[in-house]
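> Protein chains in written order, with our numbering: chain A, 65 to 485; chain B, 65 to 485.
Please keep in mind that the hints were generated in silico from the structure rather than gathered at the bench.
Do not rely on the hints blindly, as some may be mistaken.
Heads up, the list lumps identical chains together, so a pair's fine if it works in one copy or across two of them.
Below, computed lysine-lysine pairings styled on DSS-like, alpha-carbon distance capped at 25 angstroms [stated by the list, open to error]:
{"#": "1", "residue 1": "K428", "residue 2": "K382"}
{"#": "2", "residue 1": "K294", "residue 2": "K247"}
{"#": "3", "residue 1": "K247", "residue 2": "K269"}
{"#": "4", "residue 1": "K146", "residue 2": "K128"}
{"#": "5", "residue 1": "K135", "residue 2": "K146"}
{"#": "6", "residue 1": "K139", "residue 2": "K128"}
{"#": "7", "residue 1": "K294", "residue 2": "K272"}
Number of protein chains: 2
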Amino acid sequence: MAVKLNKKPVTGMKDILPEEMAIREYVMGIIRSTYAEFGFTQIETPCVESLDNLNCKAGGENEKLIFKIMKRGEKLRLDEAKEENDLADGGLRYDLTVPLVRFYSNHAAELPNPFKALQMGNVWRADRPQRGRYRQFMQCDIDILGDASNLAEIELILATTTTLGRIGFKGFEIRINDRRILKGMAAACGFDEASYDEVFIILDKMDKIGRDGVRSELLDAGYASDSVDKYIGLFEAMEKAEDPVEYAIDSLGDLLDAGVADSFREIISSVRAVGGDHYRLVFDPTLVRGMSYYTGTIFEIAMPEFGGSCGGGGRYDKMVGMFTGQEVPACGFSIGFERIVLLLMESGFKVPGSDAKCAYLIEKGLPSDKLNEALKSAETERADGRQVLVVRMNKNRKFQKEQLTAQGYTEFKEYFCEALK
Amino acid sequence: MAVKLNKKPVTGMKDILPEEMAIREYVMGIIRSTYAEFGFTQIETPCVESLDNLNCKAGGENEKLIFKIMKRGEKLRLDEAKEENDLADGGLRYDLTVPLVRFYSNHAAELPNPFKALQMGNVWRADRPQRGRYRQFMQCDIDILGDASNLAEIELILATTTTLGRIGFKGFEIRINDRRILKGMAAACGFDEASYDEVFIILDKMDKIGRDGVRSELLDAGYASDSVDKYIGLFEAMEKAEDPVEYAIDSLGDLLDAGVADSFREIISSVRAVGGDHYRLVFDPTLVRGMSYYTGTIFEIAMPEFGGSCGGGGRYDKMVGMFTGQEVPACGFSIGFERIVLLLMESGFKVPGSDAKCAYLIEKGLPSDKLNEALKSAETERADGRQVLVVRMNKNRKFQKEQLTAQGYTEFKEYFCEALK
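All chains should be modelled from the sequences, with the hints used to inform the complete structure.
And the structure:
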């Protein structure tokens with residue numbers, strides 16, 4: 065008992081106080097109800113996954129970020145262990161995509177086809193702690209498994225933009241591209257398929273370093289100046305084109321399947337025709353999305369209030385096959401939940417209804433019959449959905465009421481032992 | 065890519081399918097809104113805590129159940145490690161009480177006083193896997209910190225029973241006792257203070273083995289037959305007494321503080337006067353509650369549908385002091401969330417509104433203008449809160465509609481490429 069315990073959360077993780085939690089729950093409520101209206105059903109997987117599964121995405125990069133769970137009991141053989149992974153058998157999930165694909169592989173027979181999943185849950189990454197970035201954070205993913213058609217992309221984008229609109233965001237952009245357009249453009253300029261990954265990593269910096277920066281990095285990396293010039297010229301021309309989508313499709317010719325082109329056109333035209341005017345859908349040929357598992361359409365949310373992405377997703381048709389041997393089309397959209405909460409907090413957002421609460425102050429020693437009267441009155445108000453705090457009256461009643469007012473209590477009832485003279 | 069990954073969740077943990085998840089979210093929604101009406105605010109702590117904190121409850125028993133997180137990077141020294149704890153620096157929390165007390169110790173200055181907290185979150189215990197018991201499960205705790213008065217107990221019991229009533233439970237019991245009554249009764253019969261723990265472990269079996277069973281186990285454990293006879297006689301007399309609370313208080317005399325007795329009386333009378341008739345509050349002098357950290361009132365939910373406890377709690381005034389050196393009164397109630405969900409699932413419970421959904425079937429190749437018409441109609445219905453699934457029409461339309469009907473889709477709209485002849 066003499067030893068004092070550690071009051072701080074573990075390194076890189078945070079406690080969530082009531083004010084932030086109320087905003088988080090409010091946002092989660094809108095996400096849940098909006099996605100439900102689009103036919104998504106919520107699921108949950110364990111926070112712990114086997115290390116093999118966590119390392120499946122051609123690991124290396126991810127593996128270093130995994131919080132590993134030690135084996136227990138007889139399975140833990142300290143004396144025989146040669147390397148780290150001899151001692152661990154599981155890890156905390158670092159995203160919701162790998163667990164979803166495992167879940168789907170395990171339960172496909174019990175699930176509707178297509179299966180529209182909503183997941184909200186914590187993930188963990190042992191990143192170097194930085195301001196505003198935590199090692200435990202919430203992800204919010206929607207995915208459609210089993211739909212190869214572009215209805216998946218259309219519904220994902222409509223559902224996500226409707227959700228963001230209901231939370232109160234407007235004037236944002238959804239940027240869209242397709243990995244096949246991205247690859248076609250590199251091919252059209254003579255880049256070798258083996259070099260795509262490196263080329264795209266450089267292209268991905270367009271936002272920050274501009275066309276000239278991308279050009280010189282590509283040249284520095286040793287690519288032929290013919291290819292680099294043609295590539296940069298293409299992006300320049302698309303930016304000037306009246307219809308960049310058609311320009312891109314035209315310039316790719318046979319390098320892009322006609323069906324893929326039609327499907328991409330329809331995603332853009334349908335979302336523009338149906339979606340609200342609180343956002344713009346924009347074709348962005350420089351959009352890369354880092355994850356190597358994307359196979360088709362990719363998209364990203366860009367908020368004016370926030371430099372950088374506020375969520376994104378795309379089509380990943382090959383991942384289910386890694387679990388089952390049989391490929392299943394899949395497409396997902398992940399909302400940057402933590403960033404959205406941060407933006408709301410910074411804007412001074414208050415959850416609706418959080419300032420119409422009532423507090424009953426109960427003087428010490430109040431006779432039981434009067435106490436019961438107060439409790440019954442509180443019960444009646446609560447049955448109508450009112451928030452009622454029943455609390456002991458402090459000696460400094462004025463200060464107590466000031467404190468309560470700051471918490472959103474706008475009405476007070478005071479119960480004294482004797483009627484005030 | 066050739067290696068197939070593991071489709072199953074890790075040992076002892078489970079995937080949650082949409083049907084169960086809908087029930088869980090429904091229950092969580094009622095819990096959130098009801099406790100909010102009682103002035104509780106939600107908070108969250110990281111799932112990972114330092115090992116020191118997790119072992120604070122005079123460990124041993126708990127320590128074996130902790131999933132430990134391995135150190136990372138340079139801090140992991142495989143060659144120098146002599147024992148398990150040299151390799152680990154954190155663990156998954158096994159309850160929400162230790163994290164809450166750490167949280168409160170860390171943030172007391174920013175929190176209202178008293179602080180009424182609601183926590184809903186997963187905890188992990190490396191128990192031997194059994195049917196219906198999982199290694200990751202949800203706990204749902206409410207706690208009041210900083211209120212030494214019995215208003216804390218009264219509000220905790222009223223809030224919890226109101227919540228259970230709104231979920232649909234009736235005919236259950238809240239059993240109540242006080243550790244000080246429990247100890248007083250042992251003292252009154254001549255048991256030595258050092259033997260209380262063992263005596264209470266035996267007494268706790270009263271439900272299962274009856275008075276005779278408790279008597280013979282106490283005798284087998286070597287306690288004086290005088291004490292054992294007196295002890296058993298006391299429980300017998302209380303059961304027959306018209307008012308068991310007054311009988312217990314009378315028989316304890318000076319062994320029970322008069323203030324404690326008055327406070328206990330008032331908790332019972334107020335809850336009975338104010339609470340609904342969907343449950344009974346019952347004094348149970350044999351109620352022990354295992355946790356050694358309880359210091360005063362203890363209570364438990366007993367459901368007729370369910371052998372055993374469906375939640376419980378009590379007063380634990382000494383725990384905050386372990387973190388800060390300064391004691392803060394505290395009282396909490398934990399709902400057996402997983403058991404409640406299990407009871408609802410077994411009773412065939414359906415979430416209200418889950419069977420009034422509409423599905424739009426879109427034939428393959430539908431022209432974009434007709435597709436947009438369908439999407440706009442869906443948008444309008446969704447804006448009214450209706451659940452609308454927009455999905456590709458299968459070749460076997462009849463089977464598809466049967467499947468959708470089973471999922472709660474009661475209305476269909478079909479969009480064909482050409483008007484039906």
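> Next, verify each hint and record whether it holds.
Taking the hints in turn, this is what the structure says about them:
{"no.": "1", "hint": "K428 with K382", "result": "between (67 angstroms within a copy, 23 angstroms between copies)"}
{"no.": "2", "hint": "K294 with K247", "result": "within (14 angstroms within a copy, 86 angstroms between copies)"}
{"no.": "3", "hint": "K247 with K269", "result": "within (17 angstroms within a copy, 70 angstroms between copies)"}
{"no.": "4", "hint": "K146 with K128", "result": "both (18 angstroms within a copy, 24 angstroms between copies)"}
{"no.": "5", "hint": "K135 with K146", "result": "both (14 angstroms within a copy, 16 angstroms between copies)"}
{"no.": "6", "hint": "K139 with K128", "result": "both (23 angstroms within a copy, 13 angstroms between copies)"}
{"no.": "7", "hint": "K294 with K272", "result": "within (21 angstroms within a copy, 83 angstroms between copies)"}
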